[in-house]
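Trainee: Take a look at the letters that make up each chain.
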Amino acid sequence: MIKHYQIGPRMAQAVVYGGLVHIAGQVADNRKAGIAEQTRDVLAKIDSLLAEAGTDKSKLVAVNVFLPQIGDFDAMNEVYDAWIDPKSPPARACVEARLADPDLRIEITAIAAAPPGA
Amino acid sequence: MIKHYQIGPRMAQAVVYGGLVHIAGQVADNRKAGIAEQTRDVLAKIDSLLAEAGTDKSKLVAVNVFLPQIGDFDAMNEVYDAWIDPKSPPARACVEARLADPDLRIEITAIAAAPPGA
Amino acid sequence: MIKHYQIGPRMAQAVVYGGLVHIAGQVADNRKAGIAEQTRDVLAKIDSLLAEAGTDKSKLVAVNVFLPQIGDFDAMNEVYDAWIDPKSPPARACVEARLADPDLRIEITAIAAAPPGA
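Chains as they are written, first to last, in this note's numbering: chain A, 1 to 118; chain B, 1 to 118; chain C, 1 to 118.
Some hints here could point you the wrong way.
One copy or two, either will do: identical chains are not told apart, so a pair holds if it fits within one copy or between any two.
[Stated by the list, open to error] Once the Cα atoms are required to be at most 30 Å apart in a straight line, the calculated DSSO-like pairs of lysine-lysine come out as:
| no. | residue 1 | residue 2 |
| --- | --- | --- |
| 1 | LYS32 | LYS57 |
| 2 | LYS32 | LYS3 |
| 3 | LYS45 | LYS57 |
| 4 | LYS32 | LYS45 |
| 5 | LYS87 | LYS32 |
Keep in mind the hints are simulated off the structure, nothing from the lab.
Construct all of the structure, not just a fragment, from the sequences and the given hints.
Mentor: Shown next, in the form of structure tokens:
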């Protein structure tokens with residue numbers, strides 16, 4: 001069975017199937033904020049979606065980070081590295097890519113282990 | 001056991017393993033077409049690969065959309081939103097990225113639930 | 001249980017969960033090398049991570065290739081096509097994306113089947 005969280009007309013924000021939680025590309029609410037604040041906002045949304053699906057960041061398996069300006073790499077990582085569970089960090093890739101709204105500074109997708117039986 | 005569909009010298013167009021169907025990046029056949037027609041073509045190819053693997057778009061778990069021109073976002077979504085199963089939409093991310101052929105306007109990858117026993 | 005390989009402060013280079021090995025974005029050590037050598041280096045790292053996790057390239061399920069210069073597509077494919085298991089090629093997508101270090105010419109992520117019981 002496939003479970004959806006926060007279904008909208010275009011996508012679900014999280015989809016659980018086969019023991020994995022797939023998190024849709026998360027972006028910041030405050031699109032005028034700088035890279036640090038947008039990163040914090042995105043990671044908080046991921047925390048919240050993982051919690052809704054019954055899991056947490058220590059169960060992350062893989063993360064993709066998209067930055068419209070790759071020069072934001074270090075400032076993003078400062079926030080990211082402090083957030084990640086150091087004993088259980090996911091595989092990660094980070095590349096430059098422009099996003100739907102030119103004000104957005106970061107988008108992150110993630111895959112995590114779902115709770116047993118989900 | 002890993003099952004491959006439409007094996008070519010470089011990739012399989014779909015690979016089934018562990019209950020999931022992984023669809024390779026799909027692009028349009030008519031590369032001179034506009035974004036709406038290329039999007040329809042790509043989604044039809046995904047429908048066809050999902051059918052070959054015994055599943056369908058209502059079982060999609062995650063989708064990644066790559067647009068060489070992010071300005072095509074709204075025109076792509078008009079086709080995409082009409083295609084997606086509104087009760088069972090996948091997690092999605094959409095970013096700008098140039099593709100192998102400069103005429104291509106869209107490439108989409110997808111993950112779906114495989115049929116039981118696949 | 002989630003198994004991590006080569007844990008660093010930011011990511012694990014490979015994470016095994018639910019029968020799948022997720023390989024983090026691999027980049028070349030010699031960043032001054034050309035696209036062919038960087039591709040060979042990246043694929044050797046993937047071979048090595050897959051071996052560490054008890055699997056190999058014939059068990060690849062999906063691969064994503066990121067090229068900062070899409071003009072490197074053919075030169076990358078020459079190395080890639082010779083490397084891939086022709087009887088068991090993964091689903092693949094390849095898009096243009098600038099990477100964290102401007103000297104890098106390629107980054108690859110991959111998902112493979114884990115050995116039974118992993």
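Trainee: State for each hint whether it applies.
Mentor: For each hint, the structure was consulted:
1. LYS32 / LYS57: within (26 Å within a copy, 36 Å between copies)
2. LYS32 / LYS3: neither (33 Å within a copy, 39 Å between copies)
3. LYS45 / LYS57: both (11 Å within a copy, 26 Å between copies)
4. LYS32 / LYS45: within (17 Å within a copy, 38 Å between copies)
5. LYS87 / LYS32: Neither: 33 Å inside a chain and 33 Å across chains, both beyond 30 Å.
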